[in-house]
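A.B. asks: Residue numbers (our numbering), protein chains in the order written: chain A, 20 to 351; chain B, 24 to 321; chain C, 24 to 321; chain D, 2 to 270; chain E, 2 to 270.
Incorrect hints may have been included.
Claimed, not checked - Here are a few chain C residues that face chain D, going by a calculated C-beta distance under 7 Å:
(1) G111
(2) V215
(3) R313
(4) G314
Claimed, not checked - Only pairs whose alpha carbons sit at most 35 Å apart, straight line, appear in this in silico DSBU-like list of lysine-lysine:
(5) A/K136 to A/K163
(6) E/K149 to B/K307
(7) A/K138 to A/K211
(8) A/K318 to A/K235
(9) B/K307 to D/K121
(10) A/K61 to A/K336
(11) A/K190 to A/K136
(12) A/K61 to A/K235
(13) E/K44 to D/K149
(14) C/K307 to B/K307
(15) E/K44 to C/K307
(16) A/K234 to A/K222
(17) D/K44 to E/K149
(18) A/K235 to A/K336
(19) A/K275 to A/K340
(20) E/K250 to D/K250
(21) A/K318 to A/K190
(22) A/K234 to A/K262
(23) A/K190 to A/K61
(24) A/K211 to A/K222
(25) A/K313 to A/K235
(26) A/K318 to A/K163
(27) E/K121 to D/K44
(28) E/K261 to D/K149
(29) E/K149 to D/K261
(30) C/K307 to D/K121
(31) E/K261 to D/K261
(32) E/K250 to D/K261
(33) C/K307 to D/K149
(34) A/K279 to A/K262
(35) D/K44 to B/K307
(36) A/K190 to A/K275
(37) A/K190 to A/K163
(38) E/K261 to D/K250
(39) A/K190 to A/K33
(40) A/K61 to A/K275
In short, the hints are calculated from the structure, not lab data.
Glycine is no exception: its CB is placed at the ideal position from the N, C-alpha and C atoms.
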Amino acid sequence: NNTNKTPAAPVPVKAATLKLGYFPNVTHAPAIVGLQEGLFAKSLDGTALTTQVFNAGPAAIEALSAGAIDAAYIGPNPAINSYVKSQGESVRIIAGATSGGAQLVVKPEITSPAQLKGKVLATPQLGGTQDVALRSWLVDQGFKTTPGGGGDVIINPTDNAQTLKLFQDGKLDGAWLPEPWASRLVLEAGAKVLVNEADLWDKGEFSTTILIVNKKFLAEHPQTVTSLLEGHVASVNWLNDNKTQAAEVINAGLTKTAGKPLAQNVIDRSLTELTFNVDPLAGTFPTLLDHGVKAGVTKEADISGIFDLGPINAVLKTAGKAAVSAAGLGSE
Amino acid sequence: MPEKITAPVLKSGTPEELRSVEAGLDSLQSDLDVRKGFDWSRVFLPVGALAVLLLAWQFYVSLGLRRRDQVPGPLDVLGSLGSLWADGTVQEALGTSLQRGILGFTISVLVATPIGLLLAQVQVLRRAFGPLISGLQVLPSVAWVPAAIIWFGLTDGTVYFVVLMGAIPSIINGLISGVDQIPPEFRRMGQVLGASRWEMAVRVVLPAALPGYVAGLKQGWAFSWRSLMAAEIIAVGGTLGFGLGSMLEQGRQLADMGIVMSAILTILFVGIAVELFIFAPVEKRLLRGRGLLAGSTR
Amino acid sequence: MPEKITAPVLKSGTPEELRSVEAGLDSLQSDLDVRKGFDWSRVFLPVGALAVLLLAWQFYVSLGLRRRDQVPGPLDVLGSLGSLWADGTVQEALGTSLQRGILGFTISVLVATPIGLLLAQVQVLRRAFGPLISGLQVLPSVAWVPAAIIWFGLTDGTVYFVVLMGAIPSIINGLISGVDQIPPEFRRMGQVLGASRWEMAVRVVLPAALPGYVAGLKQGWAFSWRSLMAAEIIAVGGTLGFGLGSMLEQGRQLADMGIVMSAILTILFVGIAVELFIFAPVEKRLLRGRGLLAGSTR
Amino acid sequence: MSNSLPTTVETAPEEPGRGRLARQPAARPAAVVLENIGKRFDKGLPVLDDVNAVVRQGEFVALLGASGCGKSTLLNIIAGLDTPSAGALEVPSDGAAFMFQDSALFPWLSARGNIELALKLRGMGRAERHARASELLDLVRLGHSADKRPHELSGGMRQRVALARSLAQDRPLLLMDEPFAALDAITRDLLHDELERIWAETGRTIIFVTHNVREAVRLGQRVLLLSSRPGRVVAQWDVSEEHRTNAGKAGELTSEITGKLREEIRRHA
Amino acid sequence: MSNSLPTTVETAPEEPGRGRLARQPAARPAAVVLENIGKRFDKGLPVLDDVNAVVRQGEFVALLGASGCGKSTLLNIIAGLDTPSAGALEVPSDGAAFMFQDSALFPWLSARGNIELALKLRGMGRAERHARASELLDLVRLGHSADKRPHELSGGMRQRVALARSLAQDRPLLLMDEPFAALDAITRDLLHDELERIWAETGRTIIFVTHNVREAVRLGQRVLLLSSRPGRVVAQWDVSEEHRTNAGKAGELTSEITGKLREEIRRHA
Ligand SMILES: Nc1ncnc2c1ncn2[C@@H]1O[C@H](COP(=O)(O)OP(=O)(O)OP(=O)(O)O)[C@@H](O)[C@H]1O
Ligand SMILES: Nc1ncnc2c1ncn2[C@@H]1O[C@H](COP(=O)(O)OP(=O)(O)OP(=O)(O)O)[C@@H](O)[C@H]1O
Ligand SMILES: [Mg+2]
Ligand SMILES: [Mg+2]
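Bound conformation, chain A alone (with noise of 0.2 Å):
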């Protein structure tokens, strides 16, 4: 694959093979249903499809920005920080994959923001989706904060993992977290929602997961990342038609993955507060850097032409669907 034979006008080929990313993750679903229920296996036909397990964004970015693999699965902020810091020669967004599912949990006796003065709280990672959206948060209701920690609530960017354990010992007040953790720490350890990330934007929608693909990768095979959007559309679509089926899909593709699934209770609750979609709320990603640069965590950047959503359009086309929103910020 990846062949370049004659470099002033490459003739499009299929890929021999196509190497996908995603996290052993409940926001990831629609990777794992596409893998388990072989929709991707479908619509790929004749090109061999590997996957790759990632625990953490960066390891992702950094592969697929080598062409070490060539689509993933991935929260928009990698995204978005990879297409800056290359000028917009990583990576392309190709689709939506799921939205929503990220709130701020707390401890049961914090009942009021007010109460948040002097406290800690967690978020997965600095600069990340929830974490700026807390640090935005925090600023409208009043609060200052630093990136290095300081102000009127302390900010800890930890591993999600860590921060049940943390929250379970006491030395954690909240943390505004992704699915499936805020449903654990609110079934497992007794936290208590006290923001909906939902809330905060409109409709209720914002980005959770996204598919991106190398920028060379879809310039010389766009006909297999029509063939991957095919699959994630059938995958998004199972999801969406298969809700009682999905937790024991997830659960099984996660077994395989990362070796044990998740509670029935905890599934259950994450996938009540996710949506899968194939839309990916382009129109939020102005805000989403908006919040970022207020909560002095990024700095101003240009992303549009980060989106190509002409090849979705065209597969939501023939299915008969209405066409996906660049916002802008691409071609359609």
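Once you've looked at the hints, dock chains B, C, D and E with the ligands against the given chain A.
C.D. replies: Same frame as chain A, now just chains B, C, D and E with the ligands:
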């Protein structure tokens, strides 16, 4: 009638008083040691120590200071290990990691030894690159990951690269330290015997530095194994196999202390086994051959 | 009239032929060395080597094989380092890490030295716990993180715990290896001189093992520094200060190779500085005091 | 004044020691008793076999024997540094001062430091230590090299530091393994006198190994000859006051001992 | 037959060598020439100062001097292991065989291994090596301990292995630093004979250090005396055939040399 007494009867001169028992016991011990074949206390003592630690752990857990899912007891871990064993995860992880660890370490040794000898023997090279190598030694494994991914993609090449970058500087430094401690008369004797630079390095310097070199290898093995664990966290499954590091990380990601502890115990077990069955015998032979075993506790 | 020639004029016996120049140069070099004060070649040579590497790097980058954001050139990194310096990030990270590294290493040495001596001197303890310590040495830092977090939460205690667990087994093993290499006559002499166990350990065994021990300390420093980097990735900012490890991780999160390379260069710089200004002089003094410097390239 | 004892040893010499010391060795209690001492290393042939000897308190005994016959091994056993494989021994409860065959100086200490360590380990205070070390260094003619490290000393100088260190130990029994081997004839003579003076003053029991038969006769009250493979006390001679004053007599004894030694060595060559 | 030269050295002895060798030392070319050699370590006083000497090819020269006077240092300089701080020297281009004062055996090799390494480094094949090593071990009476490691050998045995190793080197110049110091009188005599035989057979130039004046007169064709602090050649004696055959003459020379040595040492004590 000469009475045969194997252990010496120590009587004092004028006041019948026993001579320092300590010294007597010490020399007795070191003398007896040398004679035996495989000394089973080498296995039973560490196993015993481990058992005591396990008991202490169980006791701590049974105090109930912590929630069981946060600090599982030995039995819980055993259960978790058992189920991981039953579905083959442990075997797979252990096999993958062991294979990588051994191969990576072997390559490291083969690369580091000539470099180390060269640096130890040629002052200009040592002065130029010695500090750099010490600098590389303190770079965390994760620093190599982005570069490794760029160069090798998600292949075993990446894993080995990270392992090599972890182990090689350490082995080089160990060898150099060993060479530095060679008494100068050995080199002088080599020179008198007309050894060429190569012969000096291979016939005099390397064997003379061997005890220090093996000490460096031990540290290098630890570095390579730890780097391997770090490399196995990059990505799980797929083209990169599933190793003990992946298992540990998986446990952490799930906040499942049973898996975490199972991985830790397996890694610990590998470390102990390598020490007991590889390094300890090699060191013992080396020391004995040079008459350094007397008085040593090896 | 005796003509004074400082360098020896080497004339051969019958056929006027120069004696092996190599040997002559070698001994000349080792002789001259000892006399000088601070030898600036110790600084210029590594700096030169580094400069050559930087040029090679710039050359590789200028080939344009990789995207600039993936493999930034030295100048890009310098720019990135400059802006990180301007906003104080590098200084903060360097200060935090150095302080933690030095404190953690100091505690490790203070804890490991008595344990190492005890293990090296008492066979039963060594047999029981030696393999365990070798096992602990190969445990990756990340294995300690869950336990550390349970015990210390997100405080510096967690960082220090991870650092200690990384460095202590390595220093213990280094010391034990050093002690194993002591020629037995030193212990025997100590015994003859009537040294108690304590005096033997402190006045005979420890000084005799010092060169090996310092080699172990170097490896221990590398372990502690690498463990520190791993610990600083646990959490970035917040209640835990922002160190070089955090900076490296942040660079990776932001996919900013400039920050990553800046962190790597800073870590490398610390490693080289510690080697040049701490370990090298200590080792040199040690070796010179024992007459081991002749012929060595230190 | 010789009596060759091929296999058994007279435990108490009938003859009193040299006249220059008023003490009567036979009357004094035994300091070292060796009973049927045997020693073998690992899988090898026995090095010592059935060694019997008694050394009385205050005696000055020379031990002679071919190279490799087991003299150092025997001293090690007496010092408690090695255990015999057979037999029993009686030694002073507070150990022995021992000067090893190789000087075994601690390379991290200067000549003075090596001596001071010995003094420190017997519990001497700092000021006294310094003075005593200087005294001992002067005794062995090394006052000018006190601050040199062992590697900066010549072979003979190292041996003298080791001698000074062994004298620094305040033990009633002093074992010396070829203490003067690396010294020139003149320095050796000087140190012979010093050693004799110290022996007379302190009344220590001294057992010393030498390859120099003349030295053995010059210093020893009694000379023991060890055979080779296995080592065994095959002969002993008492050295009387007469041998000391009469050069001819001494020469006679020297050649007698040399003859016996030659005979022993020939048996094995 | 003595001539004391307090400061200058006659470069060519007028007297021919012992009759047992037909060669005429004076007629033969110089093997080692030392011109105003000076040596000081670091900051210390000079150890050697203005040493002048010529050793002709095939000569057997004994070097005498007080302990610590610089004999080993001088040999090191001749062997090229150390550089003089002043002066010039001429040595054979292919280096010298050297037997150090401490045996300096490689502890990781057996006695045989040590000797075989010397043979290997001069390029000898495996089979020949083995045979030659056995020969040399027998020569030093260690055939039975060939497979022992240095730490399993006695001091004298180690010295003999080192002797065998130095003989294994096929060099025209052989430097020996107190080669027999740790040996008993009889073994020493045997090895004296062997060394003399080898010297006569191979015609090597030999410079050896000894503290035994008798040994110097017994073996050397010429005896050089080094003074102390600084080391300088203060006297030399030619040893003629007459000294060898006539015990009285030899004794005379021995006491003359001893007297001179005593005088030298007294100047400094
Ligand atoms: N550790 C050992 N292992 C095996 N054999 C040994 C050991 N130590 C000594 N021997 C053997 O014991 C014998 C006696 O050695 P020892 O050192 O006592 O001799 P010695 O009489 O002191 O000789 P020398 O006069 O040469 O010093 C030798 O044959 C030696 O090879
Ligand atoms: N590396 C060194 N540094 C400083 N001084 C040294 C060094 N080596 C030797 N010396 C000094 O040089 C002098 C001569 O030493 P050398 O070993 O040559 O004596 P030697 O004549 O061989 O004595 P011996 O008969 O005791 O072996 C001594 O005073 C010694 O202290
Ligand atoms: Mg001996
Ligand atoms: Mg000498």
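A.B. asks: Please flag the earlier hints that this structure goes against, numbers listed from lowest up.
C.D. replies: Hint check: 1, 23 and 39 fail, others pass.
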